[in-house]
Structure formats: structure tokens, C-alpha cells
Amino acid sequence: MNYQPVIGLEVHCQLKTKSKLFCACSTEFGLPANSNICPVCTGQPGVLPVLNKKAVEYAIRTAIALNCKTAQQSIFARKNYFYPDLPKNYQISQYEMPLAEDGYLEILNAENAEISRIPRKKRIGIQRVHLEEDAGKLLHAVGSQELDYSLVDFNRTGIPLLEIVSAPEINSPEEAYFYLQTLKMNLQYLDVSDCDMEKGSLRCDGNVSVVAEPSNLELERKVAGSGKKLGVKTEIKNMNSFKALKEALSYEINRQIEVLESGGKIVQETRLWDADRGITQSMRSKEYAHDYRYFPEPDLVPLILSIDHDLREENFVAEIKKNLPELPAQRKERFIKEYQLSEYDAGVVTAEKKLADYYEDTVKKLQVTGFKLQIVAKTIANWITTELLGKLNAEKKAIIDSPIKPEDLAGLIKLIQEGTISGKIAKTVFEEMYNTGKKAEKIVQEKGLVQLTDEKEIAKIIEGVLRENETIVREYKAGKERALGALVGAVMKKTQGRANPQLVNKILEEKLRSC
Amino acid sequence: MKITKKDVEYVAKLARLALTEEEKEKFCSQLNQILLYMEKLNELETKDVPPTSHVLALKNVWREDEVKPFTHTKEILKNAPEKEGNYFKVKKVIE
Ligand SMILES: [Zn+2]
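Heads up: the sequence lines are chains H and C, in that order. Per the numbering used here: the first sequence = residues 15 to 529. Per the numbering used here: the second sequence = residues 31 to 125.
Fair warning: there could be bad hints in the mix.
To be verified - Among chain C residues calculated to face chain H with C-beta under 8 Å, some are: (1) His84; (2) Glu96; (3) Tyr117; (4) Phe118.
Bear in mind the hints are in silico, worked out from the structure with no lab data behind them. What you are looking at is a predicted structure, and each value in this text was computed from that prediction instead of being measured. Just so you know, even glycine gets a beta-carbon here, dropped at the ideal spot from N, CA and C.
Chain H extracted, bound-state conformation (with noise of 0.2 Å):
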């Protein structure tokens, strides 16, 4: 039987505040346990939170580049629950009233659609787009040694989340990633996060259930008499890199098929992806959890985010919108247009804001030196996407840790336009260039690299090549074509590589018509 999985995917992204939510804590990573807390984000009695005007600026933003309405009116809540990284047993969210509503985000699809089996273009619904606080972190294990107690550190308490809810119109577990890989590049671009799943500041929860094809008229009817036996959700949790999102996903969607096929019956449930051993788990624990008592939090006003006779407070989010970045699909756009990129080169150029601005720099200091930005543009691409990212990539390394900068690698693509280096010598000098971080122009000189354009030069040395290969010299005349090719390489090996290859190429003939 073909079943088709439905999924909703919940992302809480960190927001870059420099302070928290509703104190003047730091949000710096990394620092002692317990050294950012406060009165008010450790929950004493009578203090007041006070919410930052920064996060809100964040997550509007956000949820105006995610084609969402704002709210009129947005309020707090109080979402109650007892644990013991929430040192005020409830956490401040938002239930009625959220942010912003009802947006969508446009997922742009791999290149290998054959793969993925995806439409190239689809439209993922937004549900709400909400700002809560963030709890504490709790730790079990000192090193490799277990403890029988628990640590609790309450730095991260209080930091800005931004809850990102789409509606459940994914329909695999590709579609899941490209979502969040989507997502995390306009919060990229947003300047609103880092989006960095390794420290945690982006998460990503999902809700999951399987329906049959609805082309299968038979289940259609097992389904119609069965009632609730199909569509039932379960939510995964702790899918925290976007390989772990595949992984979890898959698992549990060929898990509900199975309880399905087998006759079984799937429970709501929580349930917990566990990396190292490749599977979801229940996590029975949370069997209250999901009452939380909602009310709204007493402690804060409301937001009054757009009323008509109130010019201020429509300004705040006017001026949001008014000064909303470049989006991922608009750059890629533009790329395409001023630069003439192809889709894929655009694609990817733009995949990461700093690639992105890495490119345009690399450019703008080329234009500078006067050459025409159709000729550059290419090869910058080029040069970008297969020997600078084949290079980082390999080590891991992300754009902003290059050795080579915009000027340097434009310096090397000025040398190979102006045919002072062949674009041969231009990859040996690329790999010292990223090795020592020097100029191009400086190893060109130091390794005596320059191209050799001096025809009698040239000339001088395809005379010795054709005496001492006599034999291939009689095969080519013999008419064996694929011969020069061989003389060509003994010439540019010659000249360790600096021979204009043009100049070769055309002296080389001259020279076997006339010999």
C-alpha cells in the first residue's frame, strides 16, 4: 500500500539580541555556568520582566519576509509546566495573539529533481510565527562520566526564540530538509539568527503522520471504515542537525506504516529521535506535559503593533518593512540578471548570504580595474564554485575563513584576464594563494610564473621539441591528428607550463606545414 506522509515542521531559531528577552542579561555563548543570570530571568519573587524592543524588531521582520500578517494586537502568555530548566515553572510564550499569521515560504528544490522527486518550486504554509523565551540547559554528564544527579545552568534562560510553525504541507522527508535548509537561509539573510544547529540555535521539532495515496481506492474504503486508524500524529523531538532531520523523519514515517500494515493502532505521542542508535523512542514522561494551562502573562502589556489612528506604533513595523534585506530568491535573481549567471551558478553563489556578498566583492574589486562585468562575472563563478568552495568544503571551513579574499582572488582572475598567467599556472598559483595566503601577483614574480608570450621565444623552443620528437613529428604528418596534442604537452612541459598555449598552438602548426 502507498502511504503519503504529512508533516508539519516547528523551528525555534535564536535570535541575535545582544540582551534577553525580558532582562539585560548577556546572550554571549560559551561563558561560565550561571555567570549571565538575573533576578529576573531566574524567576525571584517581584521582579518584572521588560521585553526587548531589538527581538521584536527580529521577529517581525522575520515574519514579514515569511508573507505573513502581522497582528494588531499580539500578547504574552504563560506556558506552564514543571521542570527543572525553567526556574519560574512556567515559560513566557504566546498562544492567542501570536506575532504575525498565516504566511508561506517558497522552497526552492536540488538540482537532481530526478532524486528527489520534488517540484522544483513549492509553497510551504506558515502557520504563526511567535517570540518566547528559551530555558535552561541541563547536563547529565560531566566528560564521558555519567552523573546520578543533574547540573542545571541557567545562562541560556530567557535568551529570544523565535517559534517558526509551518502548516503540515510537507510531504517527505527532502521536502523537510529543503524547508529548513530554505528557512535558515532567509533567517541568514534576515541578519535575525545564526541558525547554528550545532549550538543550538536553531531546533527543529516535527509533527508526523502518514495518509494513504488517495489514489488507492481500496484503502479509501478500509480508511472510510475504520475511522481514526489513519492520520494519527506523533511529535519527534531532539532532531538536531538537518542529517538527523532526514534520518528521524524517515524512521518514523516507515515506523507508523508498519504499525499501520500490521493492523496496529499509531498513539499520539512525544517521541524522541536517538541518534546513535537510529530511532524514534517514546518519550512517556511527557504524558502530562501537553497541558499547559495557558493564560496571559500578567506581567507584560500588549503589543500594539498597527492601529490606524495611532501613526507611531504603525511606524515601527512600516519602518521594518521599508528596510527589509535582499532575500535569498530575490539575490539569486539579480544574479542571474546583472551577472548572467546560470540558474545553477546563481543557485549557488547565493545559497549563503556571506558566499553571496564574497561573489558581488570579488566583482565590484575586478570593475574597479576596469574589466567588463560580463566577461568577469562567469569566470568569478567559476572560480568560486568549483576551487574556492572545492577547497573549504574539503576542510570543512566556511566563506568568511577563507585565506584567499575577494581582492586577492580578484587579483588572480586580473593576471589571468590580462593573459599575464595562463589559466593553467593560474590553479598552481590559486593553490599556493590559499596555502600562504600571499598575493598572486607576488607568487607570479617570486616563482617566475609569468606566461610566456615572446613568439621567438616560443619558436625557439618548439624547434628543439620537433628535433627531439622526431618520430611523433612523421606520425602527424602520417595523419595522425591526436599527435600535436603530444607535442603541445612537451612544449608546456618545457615551459613548466608558462607557454601561451594559443601562441603554441599556432606556432606549432606553422612550423610542421613548413618542415
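Here the structure of chain H is known, so what remains is to put chain C with the ligand in place on it, guided by the hints.
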């Protein structure tokens, strides 16, 4: 709607409260009285009254994103029934 003893026990469990049988009876009747009062309020026509989320007529109270470190973090740690180094120490909780 009427609050039963079972409801009281459920809420008590959520709030981690251990109640005696007498307390359960007492809260059951008190909670029912509160609900009765709410029913009284329901007699009012509130069709055109927007729900109140806060009793003060304030809105958009917020602060700029500035860090002001709290310097007495050790005092907070002092309140902990148990601690270890800079950490609060609790009974083992693990999923
Ligand atoms: Zn604090």
C-alpha cells in the same frame, strides 16, 4: 460546568501539590464557587467589549537591547538547596 474531585486531583498533580482528602473537598467547593461567580458575570452583555489581556491601559512597554550584567550571580546560586561549582544541582532528570 462543575468541578469534580477528579478535576482537583488532576490540577493538583499538574501543580505538583499533595493535597489531603479534606483539602480536595475544600478546593472542590471553592473552585465551584468561583465558577458560579463567573456565571454571574456571564449575564453581562459583552458582545462589543474587546477581551482584556491586561488591567493597565498600557501598551508597548519595552527597552532597548542593552546588556547590563547582574553582578551578584553568586547570591542567586546561594538560594539553591544544592549546588556543585557554578551549577544548580537537582535530582537526576533525563529523557
Ligand atoms: Zn537575566
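Verification of the hints:
no.: 1; hint: His84; in the structure: 5 Å, holds
no.: 2; hint: Glu96; in the structure: 6 Å, holds
no.: 3; hint: Tyr117; in the structure: 4 Å, holds
no.: 4; hint: Phe118; in the structure: 4 Å, holds
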